[in-house]
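Protein chains: 2
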Amino acid sequence: MARIVMKFGGTSVAGLDRIRNVAGRVKREVDAGNQVAVVVSAMAGETNKLLGWCQALSALHDAREYDAVVATGEQVTAGLLAIALQEVGVEARSWQGWQIPIQTDNAHGKARIREIDGSDLIKRMGMGHVAVVTGFQGIAPNRRITTLGRGGSDTSAVALAAALKADRCDIYTDVDGVYTTDPRIVPSARRLDRIAYEEMLELASVGAKVLQTRSVELAMNEHVRVRVLSSFQDLPVDAETGTLVVDEDEIVEKQMVAGIAYSRDDAKITVRRVPDRPGIAATIFGALAAQNVNVDMIVQNIAADSTTDMTFTVSKADLPRARMALQEVKPAINYIELLEDPNVAKISVVGVGMRSHAGVANTMFRALADKAINIEVISTSEIKVSVLIAAEYTELAVRALHTAYGLDVA
Amino acid sequence: MARIVMKFGGTSVAGLDRIRNVAGRVKREVDAGNQVAVVVSAMAGETNKLLGWCQALSALHDAREYDAVVATGEQVTAGLLAIALQEVGVEARSWQGWQIPIQTDNAHGKARIREIDGSDLIKRMGMGHVAVVTGFQGIAPNRRITTLGRGGSDTSAVALAAALKADRCDIYTDVDGVYTTDPRIVPSARRLDRIAYEEMLELASVGAKVLQTRSVELAMNEHVRVRVLSSFQDLPVDAETGTLVVDEDEIVEKQMVAGIAYSRDDAKITVRRVPDRPGIAATIFGALAAQNVNVDMIVQNIAADSTTDMTFTVSKADLPRARMALQEVKPAINYIELLEDPNVAKISVVGVGMRSHAGVANTMFRALADKAINIEVISTSEIKVSVLIAAEYTELAVRALHTAYGLDVA
Chain A
-4 MARIVMKFGG TSVAGLDRIR NVAGRVKREV DAGNQVAVVV SAMAGETNKL LGWCQALSAL
56 HDAREYDAVV ATGEQVTAGL LAIALQEVGV EARSWQGWQI PIQTDNAHGK ARIREIDGSD
116 LIKRMGMGHV AVVTGFQGIA PNRRITTLGR GGSDTSAVAL AAALKADRCD IYTDVDGVYT
176 TDPRIVPSAR RLDRIAYEEM LELASVGAKV LQTRSVELAM NEHVRVRVLS SFQDLPVDAE
236 TGTLVVDEDE IVEKQMVAGI AYSRDDAKIT VRRVPDRPGI AATIFGALAA QNVNVDMIVQ
296 NIAADSTTDM TFTVSKADLP RARMALQEVK PAINYIELLE DPNVAKISVV GVGMRSHAGV
356 ANTMFRALAD KAINIEVIST SEIKVSVLIA AEYTELAVRA LHTAYGLDVA
Chain B
-4 MARIVMKFGG TSVAGLDRIR NVAGRVKREV DAGNQVAVVV SAMAGETNKL LGWCQALSAL
56 HDAREYDAVV ATGEQVTAGL LAIALQEVGV EARSWQGWQI PIQTDNAHGK ARIREIDGSD
116 LIKRMGMGHV AVVTGFQGIA PNRRITTLGR GGSDTSAVAL AAALKADRCD IYTDVDGVYT
176 TDPRIVPSAR RLDRIAYEEM LELASVGAKV LQTRSVELAM NEHVRVRVLS SFQDLPVDAE
236 TGTLVVDEDE IVEKQMVAGI AYSRDDAKIT VRRVPDRPGI AATIFGALAA QNVNVDMIVQ
296 NIAADSTTDM TFTVSKADLP RARMALQEVK PAINYIELLE DPNVAKISVV GVGMRSHAGV
356 ANTMFRALAD KAINIEVIST SEIKVSVLIA AEYTELAVRA LHTAYGLDVA
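Protein chains in written order, with the working numbering: chain A, -4 to 405; chain B, -4 to 405.
Do not rely on the hints blindly, as some may be mistaken.
One copy or two, either will do: identical chains are not told apart, so a pair holds if it fits within one copy or between any two.
Think about it this way: if two alpha-carbon atoms lie no more than 20 angstroms apart in a straight line, the pair counts; the simulated SDA-like pairs of lysine to any residue are [what the hints assert, rightly or not]:
#	residue 1	residue 2
1	204	146
2	118	137
3	44	11
4	44	15
5	160	121
6	118	139
7	204	180
8	44	10
9	44	9
10	204	312
11	325	314
12	44	54
13	160	215
14	118	138
15	325	273
16	204	389
Keep in mind the hints are simulated off the structure, nothing from the lab.
Model the full structure from these sequences, guided by the hints.
Rendered as structure tokens:
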């Protein structure tokens, strides 16, 4: 007997047939003697439809009302799944975030979960009842409905698993696990049996869209064993199914590199020939921060004469605001030119094995050089090396690196 | 300054343009210095869509889950209207039934309101904020969402008006008031400026679909002044707008007949030649009650020899269950034949003036006789006379009666 949280995303519940299919999977776990809580997203497309209505009525719509409107998507799915479960003979009831309650802060539209009172659910799960819980939402101290932001249902599932002290948190999605890279680019990409939280975190934040970043952070902090698996493959869940996201200690044979991610969401900005003196960087990045622009990779050239170039990346969506912020500080820092390049891609190799293996970055640079791909910016962390290259080389770079690190299926 | 509850039905909020239109009407009342609470239905079609999903998943779906699913319709509309109001500069927030709370009993799918705590709303309305309240729903003692049954938003509005001690409850609908009869049948039908609660109740229960019966009962008991008016006519609300539903005392010149209603929802059943002895009626109607079949008009022939015929009406939807119930008691009451006739219509004339005027029924019978329309069953109450006739004469009968009672526009 295990206590399990199962989470189903929007494509897994998009329509009545798929909801029936989900009910069948849940029933299988119940029949195997497990205690089950299910977390559901809104049917695919529903959240966007509701968001579109809010936007059409007001460009600057009240985030509290937006939350009340979009939270209905999960409420519908939870009720329907409870009905579908009852129809196949499984005792079940739906729970809205405010009923449990799932307490969040007041940050409407991007709230954070503060506390989940799992006592009622644990009692009922002990009686064999399945709890179907609305993902993505909770209740604020002011007793209004909050939502957690896009992908928030993953976070709901992990937080619930922590509150229920669940043995597993199974995240059902439209892919069958975490891959060494995007299989659409590298057909020989391998599904990973296990991946460390920190690797998953780096991969999630650099473009692998399997799990929401915050949910991985939470799983790491709360030691929740997360399994990513496909809701479209009809297999019993065992140790070989999907990808298990766990503590680094649980991974015996650490690969040097677990996976390769890419992102085309960034743009490169170069501020040409700013004075090479203290306080310049503070002025530039202070102005960007004031405009809420997140800066990712940063590189400063060695000063030639008394000036230097400052290059960094921001998300493409932030580009107009970044430009505005930099034009405003031009009198203060007196640069000569502002260069923008949206046609870049960030390629990252990630692996906890880097801590003990030397030469990871070198392998990367050599593989890219062999394909004559120029590296524009480099940044590194303890378990990640990222480079910025021209976007047109994205697929070529990913394939070359996948081979260079020995990740191709034998 | 007045305190007003405004209620908008599904057709009045069916789409973003109509929601903007509703916001404009609410703003007008706010600009006139009134305190306003708004009760909204789901967008037209939404409740049926959600109900259809529940039914498709399970013919005998859990009413508690059904409630959780369909209650989302009003939640969406309330949030959207709050956004639309803010966009035109009106302070507003949405309230779900559980937030206020609107406390109901546990009868999921057809709950009754027990109590509304209006204190929070009154405080905020005093600050000039509009409260946008989800109609049709509340919260049960078990903290689950309940719905009030079809048309329940009217009841929500009247109950809220009572709780808020509102000066008016304006029910916006797709007609501009209560008419002396259906204008599609009698083009010269007149809109009534005022109608008594009891008249409205009789008209509502015999087929005039303007207001839900329960909402009129509640308005009568709580002395809520209800105005029925059109959400599609863009006129300022004054004493002449729509139809005011009020205490009989407030109607100075009472007409003998306020209106004429018809219903084709009934079927006639005749149980032929049952023994004329005590207990037979109890057996027949007991069997029907056990099957949850509501019986409306009843007539028993004078006994010829030792047997009699029992004729009554049930709603067409109940006909199969009524037939089954009666076949089951055949051994006990030993009737000869069961006749069914679904091709009937019930025509009713209604008016509090009947209490003081003689000859109302007689006028009716003469008018129908002049058109050679046969009366099959008659039933009367203090302020109503109903007759059952062949359905094909419906329009002819309604027109003849409208003229006979002097209701045609001069």
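* Asked: Okay, which hints does this one fail, numbers in order?
  -> none
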